[in-house]
Amino acid sequence: MRNKFMALVTVCMLLLVCAAGASAETLTIGLKGEPTSLDPHFHNVNANNEQAIYVFDKLIRQDSRQNLMPGLAVSWIPVSDNVWEFELRKGVTFHDGSPFTAEDVKFTIERIPTVPNSPSSFTGMVSAIKKIEIVDPHTIRFHTEGPAPLLPRNMATFNVVSKKYGKGASTADFNSGKAAIGTGPYKLVEWKRGDHITYKRNDNYWGVKQPWETIIAKPITNDGTRVAALKSGDVDIINFVPPADVAHLSKDSKLTLSKSPSTRLIYLHLDSDRNDTPMVTDNNGKKIKNPMKDVRVRKAISKAINRKAIAARIMDGLAVPAAQMLPEGYEGTSKTLKPEAYDPKGAKALLAEAGYPDGFKITIHGPNDRYVNDGDIAQAVAQMLTKVGIKTEVNTMPKSVYFGKASALEFSLMLVGWATDTGEHSNCLGALLHTYDKDKGFGSANRGRYSNPKVDKLLEQALVTVDPARHNALLVEAVETGMNDIGIVPIHYQVNVWAMKKGLDYNGRTDGYTLPREVSETK
Amino acid sequence: MLAFLIRRISQSAVVLLVMSLLVFVGVFYIGNPIDILIAPDATPAEYARAVHELGLDKPLWEQYTIFLKGALHGDFGNSFVYNEPALKVILDRLPATLELAFTAMFIAVIFGIPLGMVAGMKANNWIGRNIMRFSILGFSLPTFWVGLMLIIIFSVQLNWLPSGGRGETVMLLGIPVSFLTLSGLAHLILPATNLALFKTSLAIRLTRAGVQENMQMDYVKFARAKGLSETRVIGLHVMKNIMIPVITVLGMEFGSLIAFAVVTETIFAWPGMGKLVIDSIGVLDRPIIVAYLLITVTMFIIINLVVDILYSILDPRVRLGQER
Numbered sequence: 001m002r003n004k005f006m007a008l009v010t011v012c013m014l015l016l017v018c019a020a021g022a023s024a025e026t027l028t029i030g031l032k033g034e035p036t037s038l039d040p041h042f043h044n045v046n047a048n049n050e051q052a053i054y055v056f057d058k059l060i061r062q063d064s065r066q067n068l069m070p071g072l073a074v075s076w077i078p079v080s081d082n083v084w085e086f087e088l089r090k091g092v093t094f095h096d097g098s099p100f101t102a103e104d105v106k107f108t109i110e111r112i113p114t115v116p117n118s119p120s121s122f123t124g125m126v127s128a129i130k131k132i133e134i135v136d137p138h139t140i141r142f143h144t145e146g147p148a149p150l151l152p153r154n155m156a157t158f159n160v161v162s163k164k165y166g167k168g169a170s171t172a173d174f175n176s177g178k179a180a181i182g183t184g185p186y187k188l189v190e191w192k193r194g195d196h197i198t199y200k201r202n203d204n205y206w207g208v209k210q211p212w213e214t215i216i217a218k219p220i221t222n223d224g225t226r227v228a229a230l231k232s233g234d235v236d237i238i239n240f241v242p243p244a245d246v247a248h249l250s251k252d253s254k255l256t257l258s259k260s261p262s263t264r265l266i267y268l269h270l271d272s273d274r275n276d277t278p279m280v281t282d283n284n285g286k287k288i289k290n291p292m293k294d295v296r297v298r299k300a301i302s303k304a305i306n307r308k309a310i311a312a313r314i315m316d317g318l319a320v321p322a323a324q325m326l327p328e329g330y331e332g333t334s335k336t337l338k339p340e341a342y343d344p345k346g347a348k349a350l351l352a353e354a355g356y357p358d359g360f361k362i363t364i365h366g367p368n369d370r371y372v373n374d375g376d377i378a379q380a381v382a383q384m385l386t387k388v389g390i391k392t393e394v395n396t397m398p399k400s401v402y403f404g405k406a407s408a409l410e411f412s413l414m415l416v417g418w419a420t421d422t423g424e425h426s427n428c429l430g431a432l433l434h435t436y437d438k439d440k441g442f443g444s445a446n447r448g449r450y451s452n453p454k455v456d457k458l459l460e461q462a463l464v465t466v467d468p469a470r471h472n473a474l475l476v477e478a479v480e481t482g483m484n485d486i487g488i489v490p491i492h493y494q495v496n497v498w499a500m501k502k503g504l505d506y507n508g509r510t511d512g513y514t515l516p517r518e519v520s521e522t523k
Numbered sequence: 001m002l003a004f005l006i007r008r009i010s011q012s013a014v015v016l017l018v019m020s021l022l023v024f025v026g027v028f029y030i031g032n033p034i035d036i037l038i039a040p041d042a043t044p045a046e047y048a049r050a051v052h053e054l055g056l057d058k059p060l061w062e063q064y065t066i067f068l069k070g071a072l073h074g075d076f077g078n079s080f081v082y083n084e085p086a087l088k089v090i091l092d093r094l095p096a097t098l099e100l101a102f103t104a105m106f107i108a109v110i111f112g113i114p115l116g117m118v119a120g121m122k123a124n125n126w127i128g129r130n131i132m133r134f135s136i137l138g139f140s141l142p143t144f145w146v147g148l149m150l151i152i153i154f155s156v157q158l159n160w161l162p163s164g165g166r167g168e169t170v171m172l173l174g175i176p177v178s179f180l181t182l183s184g185l186a187h188l189i190l191p192a193t194n195l196a197l198f199k200t201s202l203a204i205r206l207t208r209a210g211v212q213e214n215m216q217m218d219y220v221k222f223a224r225a226k227g228l229s230e231t232r233v234i235g236l237h238v239m240k241n242i243m244i245p246v247i248t249v250l251g252m253e254f255g256s257l258i259a260f261a262v263v264t265e266t267i268f269a270w271p272g273m274g275k276l277v278i279d280s281i282g283v284l285d286r287p288i289i290v291a292y293l294l295i296t297v298t299m300f301i302i303i304n305l306v307v308d309i310l311y312s313i314l315d316p317r318v319r320l321g322q323e324r
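One line per chain: the protein sequences are F and C, in this order.
Count the first sequence with UniProt numbering and you get residues 1 to 523, in order.
Count the second sequence with UniProt numbering and you get residues 1 to 324, in order.
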């Protein structure tokens with residue numbers, strides 16, 4: 001018995017040695033989220049979009065700071081107000097060797113709105129296109145209803161599939177690998193759901209040669225387990241390192257950390273529309289007119305929040321106080337807006353000026369399993385508001401319960417997050433600050449129903465202005481107008497952290513994706 | 001026997017129906033899965049399209065009728081999240097969970113019963129007392145903590161075993177199993193031990209109690225008086241008598257082992273169905289939740305039935321048809 005046990009232990013150790021020996025060519029990634037499908041158009045969600053980049057390519061790709069870079073398209077120009085012309089890359093082949101042409105692009109754009117049972121599609125990204133004109137196999141024109149300055153941004157969100165394999169293919173065909181034939185840097189080998197996805201390098205890739213021969217992506221959703229998997233050497237790199245573990249991991253001499261600010265904004269949405277809002281009463285519990293319709297009250301709430309303390313204490317330094325909806329450097333960001341300074345006295349004075357010298361009572365709602373430390377942030381905000389006289393109760397709930405209620409306008413003050421995947425401001429302006437308009441598709445996440453005609457007008461103007469400088473100026477003005485009117489109360493941008501074993505380096509991305517091409521060996 | 005089976009099966013059908021209705025209505029009232037699944041910047045038109053595609057715009061009773069019709073044909077609907085038949089998604093994960101549960105049960109039986117017998121016979125010396133101390137620990141330490149400790153000790157510190165995931169699998173009778181490969185076995189040891197700890201303690205206690213009780217019985221005295229060897233007295237006569245409660249309890253526990261391996265599966269990133277259902281509850285993937293619970297209930301029903309039948313084999317006094 002004893003001998004057998006020792007034999008087993010020896011075998012296990014040998015296995016580990018073998019695994020370590022092969023690792024120069026193999027990169028094993030521990031991921032927080034598992035894709036729900038490998039069909040790149042089935043579910044528009046981060047975990048899926050991330051894995052799709054391994055196998056497929058986009059016409060336009062985003063670099064690690066979400067600037068647009070040539071992908072399968074080498075150039076894109078507006079030939080007139082309503083027509084964009086894209087020149088496609090020549091000599092690109094799919095994994096099976098068949099050439100990539102404009103037909104595949106046309107097929108992809110036509111496929112997107114037709115994927116059955118898609119719980120979240122890319123339809124909005126292609127809805128501006130009214131007609132697709134193939135000029136020659138490597139030139140394609142998109143005719144749009146009106147001017148569409150955002151078309152290149154939208155083209156940078158979805159991946160191009162092969163017409164040959166995509167035609168008639170179901171989501172299951174992509175999952176099994178049958179239809180997952182892309183132009184991307186890696187070929188899909190197998191997907192064992194819940195356990196791992198294996199990729200092999202595409203040696204005929206048109207882009208820079210990939211540093212890794214084999215990629216094994218393992219979904220490890222439990223934070224503690226993911227960290228343990230890295231420490232034990234089972235994986236080489238992990239994403240979304242929990243803030244609480246960052247301190248001890250950075251002391252570990254066998255590991256390296258990489259941090260990058262993200263576009264994930266954590267903010268408060270406040271009901272600034274209804275006269276009668278459900279979660280507000282006076283200090284005696286009697287219904288009162290919604291105080292948050294008054295910009296001075298909204299300003300007071302913003303001033304009452306100590307963003308630096310939240311970033312330092314609750315987020316362990318892994319957050320950057322926010323003044324607007326995207327960090328500086330992105331299209332449409334204002335250079336003049338600065339994070340509101342912590343000023344409880346000023347907040348009290350504003351409340352008194354607005355007619356609430358003794359404050360009022362409110363409940364803040366938030367999810368407790370969606371964003372980093374979301375429940376704790378809601379707690380902290382509530383304490384800070386209570387300190388200036390707004391007696392705040394906290395109610396946090398699982399995301400599965402929370403978002404439905406928040407969208408049904410059951411709350412008055414809520415903690416939410418927003419990640420601007422397109423990397424420019426019109427996306428968040430349109431969804432968060434534009435007046436809710438079901439028909440035009442604006443304000444889809446405007447759960448406070450903030451409404452400011454000036455913001456609406458500026459944004460709508462920007463959306464039909466193709467000239468980049470003018471477009472940007474309009475966005476900046478819209479952002480400044482909305483933020484100075486406290487349409488939302490920004491708190492901070494999350495900082496993404498990757499941890500990897502010594503000898504590797506990761507060029508952290510603002511979109512949070514873990515891409516093999518950004519992992520390099522340092523030596 | 002036949003009447004017994006028919007009655008059991010019809011009772012089970014009612015249980016399944018009521019359960020499916022409860023879960024269906026419950027999930028419906030928690031919220032709309034589209035609110036979680038859809039990209040937050042989706043337009044209202046896109047939202048409406050997604051709701052319609054998944055059939056969530058129909059009234060609840062109609063959704064339930066559609067589900068019932070499908071279920072009678074073995075179709076539990078497509079998962080909202082994976083867009084594949086719910087039953088297929090679950091059955092893909094079932095072998096991993098079964099393998100883990102069987103291994104854990106195996107560990108619990110081969111360690112628990114002998115240790116329990118020793119503890120029962122030597123209740124007052126140090127061996128017996130230490131075994132009982134171990135079983136108290138096994139009972140009272142929370143599974144997730146023990147799991148993390150096992151990972152920290154055996155994976156992170158000693159680097160002997162992998163910290164999670166399932167190893168290489170090979171096909172055995174068309175089912176992927178991992179215990180036949182070395183990497184599979186290495187991956188299996190920690191989670192199975194973690195899951196087995198509580199059951200081992202349970203087996204120890206049950207066996208010990210049974211042994212202590214039976215050792216006082218007349219038949220043991222008689223057997224000894226007859227001159228039978230101690231091994232035969234304990235290994236055959238006592239063993240046979242203590243097995244009934246042990247099998248009953250462990251049988252029931254086996255169901256819970258499969259159904260509630262969730263914690264262990266999550267900590268060890270084991271690709272089983274417990275982890276699947278947790279993920280599905282998080283996004284309100286109703287077809288998976290309902291199908292999973294129906295499968296679990298069916299499993300409990302079958303296990304109970306098997307335990308009842310085993311009873312009648314072990315103890316000839318139990319007659320299945322006569323419990324009216």
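It should be emphasised that the hints constitute simulated quantities derived from the structure, not laboratory data.
Quantities reported herein were computed from a predicted structural model and do not represent experimental measurements.
Certain hints may be false.
[As the list claims (entries may be wrong)] SDA-like mimics (lysine to any residue), calculated; alpha carbons at most 25 angstroms apart, straight line: (1) F:Lys178 <-> C:Met19; (2) F:Lys200 <-> C:Val170; (3) F:Lys192 <-> C:Thr296; (4) F:Lys502 <-> C:Ile152; (5) F:Lys438 <-> C:Ala48; (6) F:Lys167 <-> F:Arg141; (7) C:Lys226 <-> C:Met121; (8) F:Lys192 <-> C:Leu172; (9) F:Lys259 <-> F:Asp223; (10) F:Lys106 <-> F:Lys164; (11) F:Lys405 <-> C:Asn125; (12) F:Lys361 <-> F:Glu410; (13) F:Lys131 <-> F:Gly375; (14) F:Lys192 <-> C:Gly167; (15) F:Lys391 <-> F:Ala309; (16) F:Lys254 <-> C:Val170; (17) F:Lys192 <-> C:Val177; (18) C:Lys88 <-> F:Ala169; (19) C:Lys122 <-> C:Met215; (20) C:Lys88 <-> F:Tyr165; (21) F:Lys106 <-> F:Lys192; (22) F:Lys32 <-> C:Lys226; (23) F:Lys405 <-> C:Ser10; (24) F:Lys457 <-> F:Ala128; (25) F:Lys254 <-> C:Leu91; (26) C:Lys226 <-> C:Met215; (27) C:Lys88 <-> F:Ala128; (28) F:Lys438 <-> F:Thr396; (29) C:Lys88 <-> F:Arg193; (30) F:Lys502 <-> C:Gln157.
[Said to hold, decoys possible] Chain F stretches covered by chain C per the calculated footprint, using a threshold of three residues with CB under 8 angstroms from any CB of chain C: (31) 118-126; (32) 193-207; (33) 210-221; (34) 279-288.
[What the hints assert, rightly or not] Chain F residues, not near chain C, derived (Cβ > 12 angstroms throughout): (35) Glu34; (36) Trp76; (37) Glu85; (38) Thr139; (39) Tyr165; (40) Gly177.
Glycine included, C-beta positions come from ideal geometry on N, C-alpha and C.
Report the numbers of all earlier hints that the structure fails to satisfy, in ascending order. 1, 11, 13, 16, 21, 22, 23, 25, 27, 28, 34 and 35
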